[in-house]
Amino acid sequence: MSQTAATAAQAKEQKKEPWRDPGAKPYIRIENVTKKFGEFEAVADVSLNIYQGEIFCLLGGSGCGKTTLLRMLAGFEEPTSGHIFIDGADMAGVPPYDRPVNMMFQSYALFPHMTVEQNVGFGLRQESVPRAEISQRVADMLSLVKLKGFEQRKPHQLSGGQRQRVALARSLIKRPKLLLLDEPLGALDKKLREHTQFELVNIQERLGVTFVVVTHDQEEAMTLASRIGVMNQGRIVQVGTPHEIYEFPATRLVADFIGNVNLFEGRIVEDEPDHVVIQSPELGAQIYVGHGVSSPPNAVVWTAVRPEKIQLTREPPEGKFNRVQGTIKEIAYMGDMSIFIVQLESGKMVRVTQPNTFRHAEDRLTWEERVWLSWHESSAVVVIQ
Amino acid sequence: MKLGGRSLVIGIPWLWLFFFFLIPFVIVLKISFAETQLAVPPYTPLLQWTQDQYLQLRLNMGNFLFLLKDSLYLEAFLSSLKVAGVSTILCLLIGYPMSYAIARSNAAWRNILLLMIILPFWTSFLVRVYAWIGLLRNNGLINNALLALGVIDEPIVMMNTDFAMYIGIVYSYLPFMILPLYSNLEKHDNTLLEAAVDLGSKPFRAFLQITLPLSMPGVIAGSMLVFIPAVGEFVIPRLLGGTDSLMIGRVLWDEFFSNRDWPVASAVAICLLLVLVLPIILFQRFQMQEAGGSAKRA
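So the sequences go chain by chain: A and B. In our numbering, each residue's number is its place in the first sequence (first place is 1) plus 74. In our numbering, each residue's number is its place in the second sequence (first place is 1) plus 1024.
Source of the hints: derived by calculation from the structure; they are not laboratory data. Be aware that a few hints might be false.
Unchecked claim - Derived pair list, reagent style EDC-like, types lysine to aspartate or glutamate, alpha-carbon separation capped at 20 Å:
# : chain 1 : residue 1 : chain 2 : residue 2
1 : B       : K1226     : A       : E151
2 : B       : K1226     : A       : E201
3 : B       : K1226     : A       : E152
4 : B       : K1226     : A       : D172
Just need the whole structure built from these sequences, with the hints factored in.
Written as structure tokens, this is what we have:
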């Protein structure tokens, strides 16, 4: 009984996370793809599997090659070397209009001389779809993106959020198996962006489309993605779920790019399979990490500690590891939490966030106060590069 | 102070138009209602004191009636419109691909190509038309070259034909088609075409559905700039066209300088203006719509 429950749970898990199943067939296979513009390598030897129904985010700073990779999926650029397979078919030489892929452009690229209705129906008009069916499907799509009543508007008569939804409707009308989204929320203000994020995920789940999203906004990637591929200088640095990327960053760059992080340089002085001890002059204390680290002895490593995982106390905490004293230099009250910048003896500034659990906190920590910083042995991550 | 500056800025073009457009127009209008006489100036005044104390205004409608009666003028008008229309279409057919190619070339090339379009303006218009005579006449460059190559046995008559006239007009007015078209096409957002192709449209269909409709303001502006001056064109038909090519500009010239019939010539000029004002008004209205649209967009 419990066994069947366990396998069912496992099956469900695997359905939700197909990349964990070695037997699952990827929907998109990117094999050693390189794209050069002259001498410049925009995308360098990227291999990636993306599965049906995923929202896969390509995340990275500007010029990291994420948009070039997306444009290669759409067919606007051809790889210099390597192969892209979509649904098992090699996409080499297949023009954009013959790919089972649609794209939502960063600028939306709505046709300014067409009405909302004509824009959304454009994809269907390119094929011999009967007129009645076109208007039916356009109407359905417009109600899906909540734009009923706007059929006859021109794009310049719409707000930014409405334009974004027209662009989404237009790119979904042909029922593509794969939708490419280039910074889909980039042009929206913060409030609207949060709202639209969830709407986007809803629509994706309802239609079962695979999304590949390009973004430079880590927050957007975290909320949207089933998996994130972090890119830097044309290469994929790490692929993982938002949780994995945030809690177990593979490199310093990933740790730094996703969220805020405090990095302490140090050397491993005690290397055991179940724990390591790191001597960090920068921190001015020894760091105890509750997991083994595969690194050459005496190598320079960085310990990454997220601001929210550090506790601030006036009294010295227990134990002799993972604790250090400092002086509060800056406090930023954010409402739900406060950000403290604490200066250590070494001069290093450490960022700490503390939730504002109580409305009337008496005896609040204040500027120039001496405090103890400490964290649990499982909170820190050691990165080598 | 602010008001003064503003009136000055607006006032200068107003004064310009007043002195160099409105006043000449009123003078021409006045002459068109006068009668010819052998005198200096060669027309009668409109206002005259009669023997008593009456100030008499005499409007002679005869000139306009004469234009209607004599079929020469109507034919000249129609043939001018036809020549201008055909030239405009030819300019559009040649100019559109050129503008498109320039707009699509990379930035360094673009300026060179544009310069090459504008370059002919640096020589006198008349010199360029005479150069065409040198090319087209019976013992001109083209005929001599073809004769030398043995392609033809005797020179092709090109000078003083409609063919030569169209070449001259299209050649002279092509830049006026290309420049507004280019400035429109150059602003086009390439991602619109990418979006169209992404949605399943083959490149040529994407051009027809996206680029062509969006370039209509440029097409209309260019066509106006070619059509309007081409209707009244005088020099090119005179120099390149045949003696039988009937253009209203030529009729106008003959009336003024050969017949010295200023009133009839003025009437022709007024009618020409009326014929041309209509498309200008249409163009203006179109531009207003465009401006309204983009204002809303902003």
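Each hint, compared with the structure:
no., hint, result
1, B:K1226 x A:E151, "holds (16 Å)"
2, B:K1226 x A:E201, "holds (11 Å)"
3, B:K1226 x A:E152, "holds (17 Å)"
4, B:K1226 x A:D172, "holds (9 Å)"
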